[in-house]
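> Starting from the known structure of chain V, arrange chain U on it as the hints suggest.
Protein chains in written order, with our numbering: chain V, 444 to 781; chain U, 24 to 269.
Derived from the structure by calculation, the hints contain no laboratory data. Note that this is a predicted model, so its numbers are computed, not measured. Don't take every hint at face value.
To be verified - If the Cβ cut is set under 8 Å, some of the chain V residues that face chain U in the computed set are:
# : residue
1 : Ala490
2 : Arg530
3 : Pro533
4 : Trp599
5 : Leu708
What the hints assert, rightly or not - Computed footprint of chain U on chain V; a stretch qualifies when at least three of its residues, placed anywhere within it, have a C-beta under 8 Å from a C-beta of chain U:
# : region
6 : 608-620
7 : 673-682
Ideal placement from N, C-alpha and C gives every residue a C-beta, glycine not left out.
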Amino acid sequence: MEMPTRRYGLSRILIGIILFGVIALILYTSLPSLIWPWLGGRLSVFATVFLGIFIEALPFLLMGTLSSGLVEVFLSDEWLARSAPRRALPAALVGASLGLIFPICECGTVPLARRLFRKGLPLPAGIAFLLAAPVLNPIVILSTATAFGWGRMLLWRIGLSLLMAVSVGLAFSIEKDSVNIMRMPLFKTEPVVSHVHSANETFIQKIQRALLISADEFFEMGRYLVLGASLAALLQAFISQTSLLTVGSGPILSVLVMLALAVLLSICSTVDAFIALGFMGTFSFGSVLSFLVFGPMVDIKSVLMFLQVFRRKTVFYLVLLPLLMSLLAGLIFNYFYA
Amino acid sequence: MKMMSLRLYRLLQAFILLALVVFIGFKLISGTLSLYINMQYMPLTVFGIVVLAIMTLVVLRYLGLEDHEHHDSGHQHDISPSALMILMVPLLIGILIPVHPLDATAASTRGMNVSAPLVGSSQTREFQSAADTRNILDWIVIFNSTNDLSPYVGQTARVTGFVYHDPRLPANQFIVSRFVITCCTADASAIGMIVTWNQSADLKESSWVEVKGPVQDSTLGGQPIPLIEANYVQSTSQPDQPYLYP
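Same shape as in the complex, but just chain U:
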C-alpha cells in the first residue's frame, strides 16, 4: 500500500506545471509581469513558460507508460509529496496576496538610495534631453555623475512618482520616489527627489503624484539630491510601468 501512487503523483505534477504556465503566462499577457522583473528579461520568462508547458505534456505522456513497468521492477520511487506542496506556494502567494507594486512601505525598509551609483551602464545617458522629459532616475544620475550642476539648477522638472514621507524631512517636504529595478524586485532600490510643497502633509503615503517645478541642489543625509520647488503637485494614477530601469 502506497501513500501516493505514481499515477497520482504524475497527475499532480502535471497539474502544478500547467498551473505555473497559466499563472506566469497570465502575468505576461496582462502586463503585471513588469511588477516583478525587469522586462528586459522577458524572453527568459517566455523560455521558462515554454519549457514548463513541454514538461507538462511529457509528464502526462508518461502517465500510462510507467504503471506497466512499475509492477515487476521492485524499484523504490523517489516520490515526495512535500515537493508538490512547496511548489504550490508561489501559486498560492500569487493568488491570495493582491498584486501590488513596491511602494513607500518597501522604501521605508530599504531606505532611499540617494547616493545611487547603481546606474553604471547608463552613465552615457543623454543629459542634453529636455528637462521636462527626464524621469527621476535621469535626474539622480545627473546629480551623481556631474560635478558642475549649474546648467541644471533652475531647470523645470516634471516627474511622476509615489509619495514617500521620509522621517528626516520637515513637514513641508516629501520625496517623490520611484523604484529602480535592475533584474527583479529583489534588487529594487528606491530613488527620489525632495519636493517642497506646503500641503505635503495632506498627501497620502504611496499615492502617485505628478510634480512640476524648478530644480534646486540639495542634500539628504549628507548626499546630494535634487530638490523640486514645486509649483504644481497633482495626484495621478499609477503608471503602467511603476518601476524605472537603468
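Excised from the complex, chain V in its bound form:
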C-alpha cells in the first residue's frame, strides 16, 4: 500500500535532480560572465553560514534524539501514565518544566515530545514542553544570563515563555487524545526496530536499541535541520540585514521585524541571546524580548519538524498562538514599559 507512493517519491527526487542540472546548465551558459564572481562570493558565504549552523546545532539535535531513544527504551508507559498529572493545568506546568531535566534546544524538543506523546504523556503537558523547553532549560538560562546579566530580560524571557507555553498547552487540552493532533497514525511511525527486541534484553542491548532509535530519528529530524539551515543561510547570504534594520523603527514595526527575524534566522535557542544582544542598540526592549520568546518556539527548522509530526491544523495553532502572544507582549512593553 505504501509502495507506490514511495516509488513516486524516489522518482520525483530523480526528476528533481535532473531538472536542477538542466536549469543549472542553462543558467551557466546564458548568464553574463560577470555574475559568476558575484554568485561565487555569495555561495561561499552561504556555505560558511550553513555549515556553521549545521555543525553547531548537530550536537543539540543528537542530544534530543538520544534523550528520545533513552525515553523509549527505559521509560515505561505505565510509569508515565501513572505519574503524569491528569488535570490540564498541573499537566501543562509539569510539561513546561520538563526542559530543566532534558536540556535541549528546539532541534531536540520535537522528537522528544513526539516520543513522550506516544508514551501517553497528556496533551497539555506535551505541548507546554514543546514550547517551553527550548527556553526553560539550564543551558539557555545560562546563555541568556551571560548575554544580558541576571536581570529583567532574563526574568521576562523565562516568565513569558512559561506563561505562553502553559496557555497554549491549556488551549490544546480541549483535545482529549494526542492521536488527534498527530499527522500520522502512531503505529506507522513506530521505530524500525521495535519488533527486534525480546522481553529479556540485557542492559547493553537496551542501550543499543536506544541508540538505533536515536539514529533513525536523527535521520528523520536531521533533514529539517538541513532545510532550515539552508533557508537561514540563503537569507543571510543574499538579503541585506541593514535594509531590515532600517525598517525596524516604531513600536509596532520593530516588534514585527524582530518576530520575522526570529523565524527567518532560525538561530538555536541556546545562543540566540547573543544575537539578540546585537540588536539591543537598534531595537527596543519589547521587540528584542519578543524575539527571545518567539524564536525558540517557532522558526524555520521547528515549523518543518512540526509539519512532519503534527497535523497541519495543529501546526497552524502552534505557530499562530505564540505569534499573537509574543506580538502582544512586545507591544505592551513598547507602549507601557519603554
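The following block gives chain U in isolation, referenced to the frame of chain V:
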C-alpha cells in the same frame, strides 16, 4: 518488491553517519572548524562526533539482526530515502564549495556593526592593555563603553583585519574589519575601524592587512568608531583564527 531493502537502508545510513564523523572530524583536526563555530563550543562538537561514531557501529551491528525478524512481522518500515539524500547535503556543500571564511562580501550584506553593544560579557575586558596588543574588538569595546576617550585618542594601534570598502567612505579611506563570532557563523557580525590611507583604492577587497597608526575619534553613520591615521599598511596572510570571539 521493495524500492529499498532495510539492509541497503542501514548500509547507507551507516555510510552517511561515518562520512559525517570523518567530515567534521577532519575539520576539527585540520583546524578549519574555527571557520564555522566559536571554538569554545568545540567540546560539544567532539561529543557529536563520538555519538555519530557510536551510532555508526550500532547501525552496522543491527544489519544482520533485523533481516531475520523482518520476514514474519508484516510490519511497515518507515524507510525514507529522501532523509538519506538530504543528510548528504551538508557533506556535498562541504566538499564542493571551497572552504572560505566570511569576508567583505558577507560584511556588505550584513553591514558594519559599528554600534556593537554585542559584547556584553567582555565589558570588564582589560582596558589597560598595551595599545599595540589590542585587536579590533578591544578597540570597538573601548569606543562603545567609555565616555571619556581622551586617554585612548592618539595611542598607536596595530591591528590585523580584512579590507572592506564601505560605500559611505571617501576614496582615501577603508575599513579594516574582522568578524565577531559568538556561537557560529550564523551570528557573525562585522566590526571594524576606519583607516585613512592614501593608497586605499589600491587595496583589494577582502585581502588581509596589518595597519599601524595613531587612533582618532570618528563617526560612521552617526555612531562612534575608531579611526586609524595609518602610517603603515602592510598586506599579510590570513590569520589562523580569522574571527574574533567576545
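> Work down the list of hints and note, for each, if the structure agrees.
Against the structure, the hints:
no., hint, result
1, Ala490, "holds (4 Å)"
2, Arg530, "violated (34 Å)"
3, Pro533, "violated (34 Å)"
4, Trp599, "violated (17 Å)"
5, Leu708, "holds (7 Å)"
6, 608-620, "violated (count 0)"
7, 673-682, "holds (count 7)"
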